[in-house]
Structure formats: C-alpha cells, structure tokens
Amino acid sequence: MYAQMVKSEATQDDPEKLAAFQARIDAGEKIEPKEWMPEGYRKTLIRQIGQHAHSEIVGQLPEGNWITRAPSLERKAILLAKVQDEAGHGLYLYCAAETLGVSRDELTEALLAGKMKYSSIFNYPTLTWADIGAVGWLVDGAAIMNQVPLQRTSFGPYSRAMIRICKEESFHQRQGFDIMRKMATGTKAQRHMAQDALNRFWYPSLMMFGPSDADSVHSAQSIRWKIKMNTNDELRQKFVDQTVPQAEYLGLTVPDPDLRWNADKGGYDFSEPDWDEFFEVLKGNGPCNTERLAARQKAWDDGAWVRDGLMAHAAKQHSAPVAAE
Amino acid sequence: MSAEWPLWEIFIRGQHGLNHRHVGSLHAPDAELAMRHARDVYTRRNEGVSIWVVPSAAISASSPSDKGPMFEPSQDKVYRHPSFFDIPDEIGHM
Ligand SMILES: [Fe+2]
Ligand SMILES: [Fe+2]
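Those protein sequence lines, which keep their order, are chains A and B.
Sequential numbering from 0 applies to the first sequence in numbering that gives the first Met the number 0.
Sequential numbering from 0 applies to the second sequence in numbering that gives the first Met the number 0.
Chain B extracted, bound-state conformation:
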C-alpha cells in the first residue's frame, strides 16, 4: 500500500467580520482537494463564508509541558486589566 493522503487543518470564517476558526482536520492529496473536501465535510449547512486549509505538518505548537513558563508570567500582571484601577464615581464612565 502506498502513502496515505496527508492531513490538513481546516479553518473557517463563519461570518463576515469574524476570525477564521479551527474546525477540524481531513486527509487530501493536495491543497485544491483539501479545499473541496473541507467544503463538503465542514460547510454542509452554511457554516462558512471562507475556508483556509493548512498542511498539519506546517503547524508548530507550544508544548503542554511549557504551559508554566509560557503563560504563568502574565498571571501576576493584574495591572494589565482595567479593573485594577479605582476610578472615582464622580468621574463616571472611563
């Protein structure tokens, strides 16, 4: 048996103005067919207005074991959120 069709990650823009969102993956021999398959597999009920297909092998992902060093540094920087600051009532909306 010869090589299996490679895997592609599928991203769909649900409506105009929204980001493309990852919806799943599928197998296809090339980008053109990945696009056609994505249309059939992921937009049978008007789920999208635009599709991106990306070879799965082209995606670099952060590793779960790096979760601490990657994301913890932002946890103690609460002043990045507007709710950190007290604004006097008299000032009203800011």
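Same shape as in the complex, but just chain A:
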C-alpha cells in the first residue's frame, strides 16, 4: 500500500491508561492530537502517515513524466489536475502527521536520508502513454481499496485527511480507465501498448498491499488500534475481484495463467507476486529508486533559496512598521 510493512512500535505505558485508551477506540471514538495516547500509537502513526505522504509526493514523478507528452491538450490538462491532486494529498497527510509532534521538514529529511520509505510501486517506470492509463486504473484503484476503510481510522486528523482524499480519488481511477479504454479499442499498436502496460503493472500493483500479514503481530496491534482496517490479503483479494472483470471488459488479459474464479470462496484464485522482487525494491534496488530520490533531493535543494527568501521577506514585512516608529 502507500504505507507498506509499517512496524508497530512497542509501548511501555501504564496498563490502566492503555486499557482506557483501547476502550475509547473500541467504542468508535476518535483520538485527537492533544489527547493522551500510547507512545507506540503515536510513533507508528508518524511512520505510517509520513510514508503515505511521501508516497503521494513521490507518486507525482512517474506521471509528471508524461505531462509534456500527453497526446492531446485535454489529456494534458486532466493529467496536470490529477498530479496536482496528489500534491494536495501529500500536504493533507504531512499536516496530519505534524499534529503528532514531527515537522514536515523533518519528515522530508528522513525520506531523503533513506530513513523513511514510500510505496514500492513508484519505483517502476512509466514507459508509454498506456502506462499512465494503467497507473490511474490499477495504482489509484489499489490505493482506493486501502483508503476507503481508512476513513474510519481512530486518529481524527488521519481520518479527516482520508475523507478529503477519497473524494478526489475516483476521478483518478476513472481517468486512468478512460485512457486504457481508448487504447484498448484503438489500433492494433495501441491495443498492444495497453496489454503491455497491464503486463508490467499487474504484479507491482498486487505488491502494493504488502506480503501476507495474517500472522504479523505488528498488523494485529495496528488493527486493534484501528490504524489499519484490513489485512493485506483481504485488500488484495478485493482488488483482484474488482479489477479482473474490468480487464475483461477492456478485452485485455491479466498476465496470470492460474487466475480463475473460485465459486466456493466467491472470489478469484490468483498467483502471488514475486516477493523477492518486492523486498529488493524496498531495499532500494528497483528500476527507478535512485532516480526518484535524486529528483526529490534536487527539488529540495533547488527550492531552498525560495523557502529562505520568502521567510526573510515575511520577517522584513513584519518588522517594517516597528522600525518606522
């Protein structure tokens, strides 16, 4: 997901306080920033929301790659609006994380230092215009699977950020599906590009949910705290069940020879992605890891004089009337 393999932090708090806190969560109450919370809850959330925010921001890069080369002015305007939304998603989430006592600059610096991660999916390249369709359809589609239940998360600012984000996501998925539909019903070369994009993005999309966490103590703790709402397998299954009929509609083939409908479970049986590849990508060895971080580092460095200059200007404006007296 946009936050993958987030380890829950150990908590050494007063058991009585912990029990009262858990009771509030079980009763469906929202936890607000100034209220008491276990240290582990706070730290896990900073890591999870921070990683989610970084994913929104880094996620602009593979799509931004095609803004100047979109096939029409309309497609260009749509893609620009979509990428701008992702910047907004990053900002909502950084602000939610900041209510937990970390600053946005600290989070950015942790990302650049390699101490924080972003979703594995954004380390894959967007080679053709059909990839932009596949990203909207599959990647935003997978993100929605996770974000919709997170609207009910126990931490108030995170929940409110998710509600805003979900309102904007369905545009993202639809514009991607629309691109795929045009390509899939186009010339032979376009159909080929659409199929090729699905072939390359299918398994990386399945990886977004992370490896099975049915037996993970970290996930169990996060689920108890309602900062994770479903297991990774549940969400992956839902995603496959939703997406396969859409691929069929497009006349495209999901690149999985073992994919079949299982009437007993009321869902598809499907192949697992290559988890070794996933762990390599997380370690920094994916096709675009170096490029993505370099782009973030460059934006951060090149923007420094603007950030500083505007602060200096604001300070000068602020002190001007006093100096004149």
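Calculated directly from the structure, the hints in this document are not laboratory data.
Watch out, some of these pointers could steer you wrong.
[Claimed, not checked] Keeping only pairs whose Cα atoms sit at most 27 Å apart, straight-line, the calculated DSS-like set for lysine-lysine is:
no.: 1; chain 1: A; residue 1: K237; chain 2: A; residue 2: K264
no.: 2; chain 1: A; residue 1: K6; chain 2: A; residue 2: K237
no.: 3; chain 1: B; residue 1: K66; chain 2: A; residue 2: K16
no.: 4; chain 1: A; residue 1: K29; chain 2: B; residue 2: K66
no.: 5; chain 1: A; residue 1: K181; chain 2: A; residue 2: K75
no.: 6; chain 1: A; residue 1: K33; chain 2: B; residue 2: K66
no.: 7; chain 1: B; residue 1: K66; chain 2: A; residue 2: K42
no.: 8; chain 1: A; residue 1: K16; chain 2: A; residue 2: K33
no.: 9; chain 1: A; residue 1: K225; chain 2: B; residue 2: K66
no.: 10; chain 1: A; residue 1: K6; chain 2: A; residue 2: K33
[To be verified] Just a few of them, taken from the derived set where beta-carbon distance is under 7 Å, the chain B residues facing chain A:
no.: 11; residue: G23
no.: 12; residue: D29
no.: 13; residue: V40
These numbers were taken from a predicted model, which means no experiment stands behind them.
Yeah, the Cβ is synthetic: ideal placement off N, Cα and C, and Gly gets one too.
Model the placement of chain B with the ligands on the given structure of chain A, informed by the hints.
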C-alpha cells in the same frame, strides 16, 4: 537549514450564508501566501466562496483534560431544551 515556514489554520465558507469551517492547515511564510496556498490546496473543486487564514500559533484551545469541568455543567440543565416542557395537544404548535 533555516526556519521552517510557519503553520496556518484554514477556514472556508462553503456557500453564501454558512459559517466558515476549519478544513485543515498548511505551511506558508506569510498571510498572503497562506491565502494563495489555501486556494490551491483546499478549493480546487469549488469548495468555497471565502477563505480565512489564521496563524496556528494564534489559536488558544481548551485542553482535553478540562473536558469535565468545561462541559459537564450543562448536562444537568435539561430545562434548556424545549422538549423538557409538556405542551397540551390542544395548544398545538409552540
Ligand atoms: Fe493520492
Ligand atoms: Fe490518486
């Protein structure tokens, strides 16, 4: 690294006649840029007709631990609600 841009709280009036509502926060060096950023971050889909930006540091908030003393006194004053009083049916709407 120099000082981080301060945080601003953003309030938006969704439609004419409604109150401004808190929608979130953002970083900006000054009020003018906070306003511009708020326009881009929080009203990309016609969400508002008016924006307020307030430095977060200027907000005083009640503390969660004061919840009892602050709000409980109003709980036993049920007579403040019109449903406390019985009005005979013959009287009709009041
Ligand atoms: Fe997003
Ligand atoms: Fe999106």
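Hints and how they fare:
{"no.": "1", "hint": "K237/A - K264/A", "verdict": "holds (12 Å)"}
{"no.": "2", "hint": "K6/A - K237/A", "verdict": "holds (23 Å)"}
{"no.": "3", "hint": "K66/B - K16/A", "verdict": "holds (17 Å)"}
{"no.": "4", "hint": "K29/A - K66/B", "verdict": "holds (15 Å)"}
{"no.": "5", "hint": "K181/A - K75/A", "verdict": "holds (15 Å)"}
{"no.": "6", "hint": "K33/A - K66/B", "verdict": "holds (12 Å)"}
{"no.": "7", "hint": "K66/B - K42/A", "verdict": "holds (25 Å)"}
{"no.": "8", "hint": "K16/A - K33/A", "verdict": "holds (15 Å)"}
{"no.": "9", "hint": "K225/A - K66/B", "verdict": "holds (24 Å)"}
{"no.": "10", "hint": "K6/A - K33/A", "verdict": "holds (23 Å)"}
{"no.": "11", "hint": "G23", "verdict": "holds (6 Å)"}
{"no.": "12", "hint": "D29", "verdict": "holds (4 Å)"}
{"no.": "13", "hint": "V40", "verdict": "holds (5 Å)"}
Comparing the model with each earlier hint shows no violations; every hint is respected.
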